[in-house]
Amino acid sequence: MTAEAAVGNERGTGLRRGVAAYLHRHALVRLSLLLSAPLLWLGLAYLGSLAALFVTAFWSTDTFTGDLVKVFTWANFHDLVTGDVYRTVALRSVGVAAAVTVIDLVIAFPMAFAMAKLASPRAQRWLVILVLTPLWASYLVKAYAWRVLLSSDGILGWGYGLTATIATLSYLWLPYMILPIYAGLERLPNALLDASGDLGARGRRTFRTVVWPLTFPAVVAGSIFTFSLSLGDYITVKIVGGKSQLIGNVVYDNIGAANNLPFAAAVATVPVVIMLVYLAAVRRTGALENL
Amino acid sequence: MNLSRPARLLLRVALVAGLGVIYVPLAVVILNSFNADRTFGWPPPGLTFQWWRSAWNSSGVRDALWTSVQAGLGATAIALVLGTMAAFAVQRYRFFGKNTVSLLIVLPIALPGIVTGIALSNTFHTVLGVPLGMLTVIVGHATFCVVTVYNNVLARLRRVGLGLEEASADLGADTFTTFRLVTFPMMRSALLAGGLLAFALSFDEIIVTTFTSGAGVRTLPIWIFENLFRPNQAPVVNVVAAALIVVSIVPIWLAQRLSGETATR
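Note that the protein sequences, when read in sequence, are chains A and B. 249 is the number that the UniProt record's numbering gives to position 249 of the first sequence; each next residue is one higher, with no gaps. 108 is the number that the UniProt record's numbering gives to position 108 of the second sequence; each next residue is one higher, with no gaps.
Careful, some of the hints might be misleading.
Said to hold, decoys possible - Negatives, chain B to chain A, calculated, CB over 12 angstroms: (1) 47; (2) 48; (3) 59; (4) 60; (5) 62; (6) 63; (7) 69; (8) 159; (9) 161; (10) 177; (11) 178; (12) 188; (13) 191; (14) 192.
Claimed, not checked - Dumping the calculated SDA-like pairs for lysine to any residue here, alpha-carbon to alpha-carbon at most 25 angstroms: (15) A:243 with B:66; (16) A:238 with A:47; (17) A:117 with A:94; (18) B:98 with A:25; (19) B:98 with A:272; (20) A:243 with A:117; (21) B:98 with A:117; (22) A:243 with A:98; (23) A:70 with B:233; (24) A:70 with A:259; (25) A:238 with B:98; (26) B:98 with A:280; (27) B:98 with A:32; (28) B:98 with A:40.
What the hints assert, rightly or not - If you anchor each label on the Cβ, the simulated ranges turn out as follows: (29) B:62 with A:129: 22 to 32 angstroms; (30) A:213 with B:188: 36 to 46 angstroms; (31) A:259 with B:62: 29 to 39 angstroms.
Honestly, the hints are just simulated from the structure, not real lab data. Note that CB positions come from ideal geometry on N, CA and C, so glycine has one too.
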C-alpha cells in the first residue's frame, strides 16, 4: 500500500478527525498532554517521595516499640552534625568520591584523546564499542571480579579496605568518564588544534588554552557520574571495603539493623545536598547537556 | 595536529593500557568459571565444566533470571512511554520550566541510588500502604530508566527536524496518521536503542531493588549479592558472572547497529 492510499484509509470516523483537528490547532493542549504523565510520575510521585523522606528526617522512632513518632525534632540533624563518627564518614565519602573522580579523569582523558584524535574512523567505532561493552556487564560482576583479584590469595592480593574500595569504584565508573570526554573531543574541530599549532603553540600550550577549556563541560559531565555514583555506593564497600564505611553504609545500617528510618533519612540528605550543590555549580558550564 | 611522535606513542600506549585494565578483571572471571579449584587458586590447577552445569541446574539462578527479565520488561515499557512523551515536549515546544523538566528526568540517576531506594520504599510503605513486590520494583526501575529513552529520542528529534511531519500534514494526514506513518518510523531505532539501554540498566540494578522488592522478589543481582559471601556457592556465582559478561555483548552489538551514533546512556 502506498503512503497516499494509507492516508486515504486513515480518514476514519468523525470523532477521531475532530480530536486530531483540535489537537492540531491547540499546541498548549498537545504540550500539556505530553507533559502530563512524565510530570505526574517524576514531578509528583518521585519528588513527592523525596519530600516525604525529607519530612521523615525530622521525626524519630520510639526506642521501645520501634514505631515512628511523628513529632518535629531536630535531634537527627543534631546527632549528625555533632557526632564525630558521622563527620568522619561524610568526609571520607567525599574524599573517596573525589579520589575516584580524579583517578578516572587521569586515566580517561588520554584514552579519550587517543580515541578521538589519533584513531581512524573505523577504529574509533570499534574503540567505542570496546569501552561501552563493559558498561553493560553487571555492576556486581565487576565489583566481584575485583574481590577475586584483590583477595589476599588473588592475583593482585592487596586485601580489602579503603584503597580497594577506591580502586574498584574507579574501575566501575571509568567508562562513564571516558564516553562524555570522547564525545566532547570528537566535537572539537581538528582545525582549532592545527590553528593553535600554526600560531606556534606546542602540545602542552594547545592543551591548556584550547583543548581543556572546550572539553571542560564534558569532563564535568563525566565527573557528575563518577562523583555521584561513588558518593551513594554501599555495595562495593561491602564487597571489597573490609571494615571501612561510607555514607551509604550508615544509611543502610540505620534502615536494616537499627530500624531507624528518620535517622537514615537525615543521613541520606547529606549526599543529596552535596549532589544538588554540585549540579547547581556545574549547570552554567553546560555540562548537563553533555550527559 | 602538531603532536610529537613520542606524545602520540604515549597516548596510544595509555589507550591500550587502559583497555587492558578494563578487560583483565573480566577475563579473570571468565577463566575462573572453568577453574577446577573451588577457591579460585591462581594459576588454575585444572579446567572443568562442572560449575557451568551446576549453575544451569540451579533453580535459584533460573527463578532470579526470570524475575529480572519481568522487572526489566515492565520498567522498559513504562520508560519508553514516559521518556518519549517528555522528549517530544522538551524538543518540540517552548515553555516555562523546560530546563527543570530535563533536570527532573536526570535526577533519579544523578542522586545516589540509596536515596531513591529509601524514598520510594518509604512512600510505598508508610504513605500509600502498598505491599512491596514485583510491581514496586518495576515502578522503582522505571523511575531511573526514563532518562535513557528520553536522551535517545531527544537526540533523534534534534536530528530529523519537523520537515517531514509538516509535509505529511500538508498532504492531508491528521495528527495521529502523521505519528503512525511518519514520526514513529523515524523514531523506531532510537526507541529500540533507548529501550535496550533501559532494560540493561534495570537488569543490572541492585540498590533501588533492595529497597523496593519484598521478601518474595529476588532479581539476579540480588541473588548474586546474597550468595557472594557464601564460600560453597562461589563457583556458581562466578559462572553467573561470566555468563552475564558474555551476554552483555549482545545488546551492545544490537544498539550499535541500531543507532549508528553512540548512545552513551
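Against the structure, test the hints numbered earlier, and report the numbers of the ones violated in rising order.
10, 11, 15, 16, 17, 20, 21, 23 and 25
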